[in-house]
Amino acid sequence: MEIIVASSIGVLTAGGVYLLLRLRTFPVILGLALLSYAVNVFLFASGRLATNLPPVLSPYGDASYTDPLPQALVLTAIVISFGMTAVLVMIGLGAFLEADSDRIDMEPEQDGADAANEGSA
Amino acid sequence: MHWIILPVVLPALLAPVIGFVMRHDITLARIASVAGTVLLLAIALGLAYMAADGTTHVYRLGNWPAPFGIVLVLDRLSALMVLLTAALALIVLIHAISTGWDARGRHFHALFQFQLMGICGAFLTGDIFNLFVFFEVLLIASYGLMIHSGGKDRMRAGLQYVVMNLAGSTLFLFALGTLYASTGTLNIADLALRVPEIPAEEAALVRVAAILLMIVFAVKAALFPVQFWLPASYSNAPAPVAALFAIMTKVGAYAILRVHTTVFGPGSPGTEDLATTWLFPAAIVTIALGAFGVLGARRLMPLIAFSVVGSMGTLLVAVAVFSTTATTAALYYMVHSTFAAACLFLIADLVVTRRSGDALRPELPTRQNGLFAALFFAAAIAMAGMPPLSGFLGKLLVLDAIREPGLIGWAWSAILIGSLLTIIGFARAGSVLFWKSTAIAVPDTAEDESEEGAASIQPPLATVGQVAPVMLALAVLGGLAIFAGPVSAYLDNTSAQLFDRAGYVEAVLSPVEER
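Just so you know, the protein sequences line up as chains A and B, in that order.
Throughout, the working numbering is defined as the position within the first sequence, counted from one, plus 2.
Throughout, the working numbering is defined as the position within the second sequence, counted from one, plus 603.
One chain only, chain A, in its complex shape:
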């Protein structure tokens, strides 16, 4: 199970980073979503992997249990990344409609135009 979890986190992260580096709105949003899935699974695994164990201490006997804290952390992280993705989609849409381009980085042309103006002035 460890190898499956670890490799899936790795693949998700690699895909997320690749898409993030595309610097176009849609791939970047997908890339950040993949990254947040990867980090959620990663956080989940940080409390040690266990199957079929309750996340609470049992008062009946010494049954073992799985760490509940990472699950709470993951829940918080999911909510936050969900909200952030929604904000990102809205801002990305706004930027696309305003600038008519879905590039993430700023173009250097503007500075060049300024320099040309200054040179001629």
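Hints are not guaranteed to be accurate.
What the hints assert, rightly or not - To be clear about the criterion: a stretch of chain A counts as covered by chain B if any three or more of its residues have a C-beta under 8 Å from a C-beta of chain B, and this derived list gives those stretches:
| hint | stretch |
| --- | --- |
| 1 | 19-31 |
| 2 | 73-80 |
| 3 | 92-98 |
Worth flagging that the hints you see were computed from the coordinates, not collected in a lab.
Predicted model only: the values in this text are computed from it and were never measured.
Backbone N, C-alpha and C define an ideal beta-carbon position, used for all residues, glycine too.
Here the structure of chain A is known, so what remains is to put chain B in place on it, guided by the hints.
What follows is chain B alone, placed relative to chain A:
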């Protein structure tokens, strides 16, 4: 003692009221926002008074004992940062209202209060996961403020800023997962207890977490090599928002100070060498980048943004030494550079809105050219670190505090050459903006002040309310220089308390008294 949570609760309650109830009434929203910020300042003063005696106050949410529940911790450092936030917020808010920036888009005041909530929470919390949550609160408010009033460039710069910070947040979570997996706790005091117990040869995972956290905080603090988002974001943000963002870079610096001193700092065998090894060179390069940026900028707003990058470099050089004297210097410089950067952005706003843009080229002088020039040069002197304002003392303290043989050469040359380049950059920008303008031949008369005919097309005179915030920030900088003795005595105690790891741990982890 519920005072400690008030800087978080007050804006958190006020913001939805402003957002929902007063959404159609800008006057009411302004009154509520100013009242809330003044109240926040009063609370911050009270907290600073509370913390001044040197005890570490702990607020346990839900009265759960420390490693299990979330705690807010008030010591001299967090009280100082909250006070700094509140004072800066009031200055920025007056400017935003008097220039009408807050009415150029929706929900400025609600987002402003949410932003304050996030910043104050980040300064007060004693739990790293809670720090992440407050980072997200302040970031999501800052996304809204960043694109306030819209526009093509601003939306694109805002998108870049959001993507950068979301990637940073993901990295933060990876760091937290690694830290939790290796130590089993996320409470700062508990971490400070457990990380030093890890021997150097078994600390690989903790070292990874420490470096990941440093990268995350470096993104916030605009440290090389993750500083590239700052000039584009700050120069395209509305100017009052850029002035408020002056405190946001300090959140990153504060987090490095708190986490990498208390948890990974001196005394933790596995991680204590990390900060000086990595943070120091990065900070040196940041100073250089800031200085060259100031020198090469063709527009006023990026010029100021690059000077912010340079000042963060100076600040983090002092932080990277991790000694009490260097931390005192860093804190003094932190207070100074926050107000200096804010002051520059505010005066630049007054100038730029009266010109055709912020390009550095001579244009016909506006009315009150002399006043703006004087204010700009005062702020530039503060930022570049020349006497008589506090920038000089701040840089002097930083230089004086760095005496390690391997560091002194790099730090001194970087800071001194960086300051020189910054002075040249600002002098050039100011001369072009304010003095070369007066050399342009005006068709009728050379004197612009007496020109009544052109008054109809001239932008309006700056009112008292618009100049007052800049004056106020300059007054704070002057006061910081005049009262440097008492201030640095207080900061000495602050850094002594910060390095007193045992005292912090004992205060936070002490058992809850029964009620």
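Consistency of the hints with the structure:
no., hint, in the structure
1, 19-31, "holds (count 3)"
2, 73-80, "holds (count 3)"
3, 92-98, "holds (count 4)"
Going down the numbered hints, you'll see the structure goes against none, and every one checks out.
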